[in-house]
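*Asks:* Assemble the whole structure, with the sequences as input and the hints as a guide.
Residue numbering for the sequence shown follows this note's numbering, beginning at 48 and increasing consecutively.
FYI, nobody ran anything at the bench for these hints, they're computed from the structure.
Hints should not be assumed to be uniformly reliable.
Think about it this way: if two alpha-carbon atoms lie no more than 25 Å apart in a straight line, the pair counts; the simulated DSS-like pairs of lysine-lysine are [what the hints assert, rightly or not]: (1) LYS283 with LYS99; (2) LYS178 with LYS219; (3) LYS99 with LYS178.
Pairwise CB distance ranges (calculated) [what the hints assert, rightly or not]: (4) VAL119 with GLY263: 22 to 32 Å; (5) ASP61 with GLY276: 41 to 51 Å; (6) GLN267 with ASP61: 43 to 53 Å; (7) LEU303 with GLY252: 17 to 27 Å.
Don't be surprised by glycine CBs; every beta carbon is placed ideally from N, CA and C.
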Amino acid sequence: MANHSFGSPPSFGDPGFAAMFGVPAAPEQDPPMLNYRGHALHHTFDLRSRMKISRKKPMIGTFYAAFPHPAVARMIGQAGYDYVLLDWEHTPFRRTAVVVRVPVLDHQYAAWVLVTSGIIFPHISKIEQAKQAIDACRFPPVGKRSGPPNAMQFGYNDGAPNGGSVFEIWGKAAIILQIEDEEGAKNADALAALEEVDGLMLGPGDLALSLGLNFGNMAQDERWLSAVGSVLTAAKTHDKASLMPGMTAHQIGANLQNGVTMVCASNDSMIMAIGLRKELVSAHEQLAAWKKENEQ
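*Replies:* Pasting the structure below:
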């Protein structure tokens, strides 16, 4: 395990204080993500190494997709998940997190977020697009990323204690390709075979829309099921991680059974909506009980 001078505060701080408000203790991570954390706060996690073992030890994360505010980010960041997927494609976030989904396949977006631990490129259907993503993320001779001379400040965040250079630090960021149409599913095996690709992510909703389906009937359609199966099989064949977002934690069991190695336990919007409604229902139940008691 790496030693970190910046400490390791427990999830949700004082567990006793949190328990007073009904916040359960965070389950133990297996293995602890602390093992993969960088040696400075401005270093990436070594997500590539963690993803390589996700087929034996799946990862549980959450989707941060609705509320771009530092206070929300801090709460989510220390809740105890293995990773946080920050959706920059559909939400105007200005900050980065462990894994960032960029809006489009564009070199400038990749350059901005490569201080994170992973980057998701959406709507990947062809090998040419995947190679563009690799070019934007990796330095020569593997890719075409330009060396940023001022991204690492001398003596502050410019070196790894084990003798590695800044290029080693940046090389730990994972490349994830999101497949969202039938063409991408047909090319999934070739996409997963690319050495620099660390994982494939399914976009189940957009995949359904591309097939003329909706969220209600997609899971009963053979074309959708076949496309999903092709992507998950390709990831397994080439021993790559696979991701599939879920709207609630109840979908995790089924996703794990289907071979997803990085599952998403809901997202901030759904968690907020469900939490608020559950508290409201509980309050009304107690109000009804009080009324019944006082009517007697």
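*Asks:* Does each hint fit the structure? Answer for all of them.
*Replies:* Against the structure, the hints:
1. Note on LYS283 and LYS99: the hinted pairing holds, with a Cα-Cα distance of about 11 Å set against a maximum of 25 Å.
2. For the hint linking LYS178 to LYS219, the alpha-carbon distance of about 18 Å falls within 25 Å, and the restraint holds.
3. For the suggested pair LYS99 and LYS178, the alpha carbons sit about 20 Å apart, so the restraint of at most 25 Å is met.
4. Between VAL119 and GLY263 the C-beta distance comes to about 30 Å, which sits within the given range of 22 to 32 Å.
5. The beta-carbon spacing between ASP61 and GLY276, approximately 46 Å, falls within the hinted interval of 41 to 51 Å.
6. A hinted range of 43 to 53 Å for the beta carbons of GLN267 and ASP61 is consistent with their spacing of about 47 Å.
7. For the hinted restraint 17 to 27 Å between LEU303 and GLY252, the CB-CB distance of approximately 20 Å keeps it satisfied.
When the structure is compared with the earlier hints, no violation turns up for any of them.
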